[in-house]
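Novice: The primary structure of each chain is shown beneath.
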Amino acid sequence: GQSLEQPSEVTAVEGAIVQINCTYQTSGFYGLSWYQQHDGGAPTFLSYNALDGLEETGRFSSFLSRSDSYGYLLLQELQMKDSASYFCAVSANQAGTALIFGKGTTLSVSS
Amino acid sequence: DTGVSQDPRHKITKRGQNVTFRCDPISEHNRLYWYRQTLGQGPEFLTYFQNEAQLEKSRLLSDRFSAERPKGSFSTLEIQRTEQGDSAMYLCASSSIKDGFYEQYFGPGTRLTVT
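Protein chains in written order, with our numbering: chain V, 1 to 111; chain L, 112 to 226.
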């Protein structure tokens, strides 16, 4: 089967750093994506890793280790507006095909 | 670029009725995807198109579900003989070869409630 595991909830305070882990077990692997979804909103793309290593985009970074079937999303300098659900998603085939999503991690940022 | 749009935003129907949803992707996006999301879960892939060709369908997509993208622009998703288990948010997304298809742009979704 296909499965992605991520923590269900994470809490943090403004200005802190938080890491959301994702482990995956899929029939194939081409890349790992991260999406953010606010309550009532559409998922929005944050990052994509196809190769091992760290990708940095502003306050957000994403890491991938293909040998460990593991990745994480790192959020720095947390702001209240970062309170949302974060999903990791695997492209099991080539990029641009079906995404297999995890169940999501709800991040709550408090002041 | 006005983003992905979906219509209607909300649909309430009685069990056994047929419903049809529409998705307008970002113009010139080659690929269009349908996902379904229930509360507390991540989106589940249903199907995707490249231009007008339907390239992949999930096993989740029963015979009651059909999707089309007749001219490679907008797409429709029809559910026949709806069941209460079909209640969910139906999300449409599109992507472009210009971006390497890495990023899928999601629409606001159609929330279906089957009573």
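In case anyone wonders, no lab produced these hints; they're calculated from the structure. Every residue, glycine too, gets a C-beta built ideally from N, C-alpha and C. Fair warning: there could be bad hints in the mix.
Unchecked claim - Some chain V residues judged to face chain L by a derived CB distance under 8 Å, without partners named:
1) Ala12
2) Ala16
3) Tyr48
4) Arg59
5) Thr97
6) Phe101
Novice: Hint by hint, note whether the structure agrees.
Specialist: Tested hints:
The beta carbon of Ala12(V) comes no nearer than 21 Å to any beta carbon in chain L, farther than 8 Å, and the hint placing it at the interface is violated. The interface hint given for Ala16(V) is broken, as the beta carbon of that residue sits about 25 Å from the closest beta carbon of chain L, more than 8 Å. The beta carbon of Tyr48(V) comes within 5 Å of a beta carbon in chain L, closer than 8 Å, and the hint placing it at the interface holds. About 18 Å separates the beta-carbon of Arg59(V) from the nearest beta-carbon of chain L, more than 8 Å, and the hint is not met.
Evaluation of the Thr97(V) hint against chain L yields a held restraint, the C-beta minimum of about 6 Å falling below 8 Å. Annotation: Phe101(V) was flagged as interfacial toward chain L, and the flag holds, the nearest CB pair being 3 Å apart, inside 8 Å.
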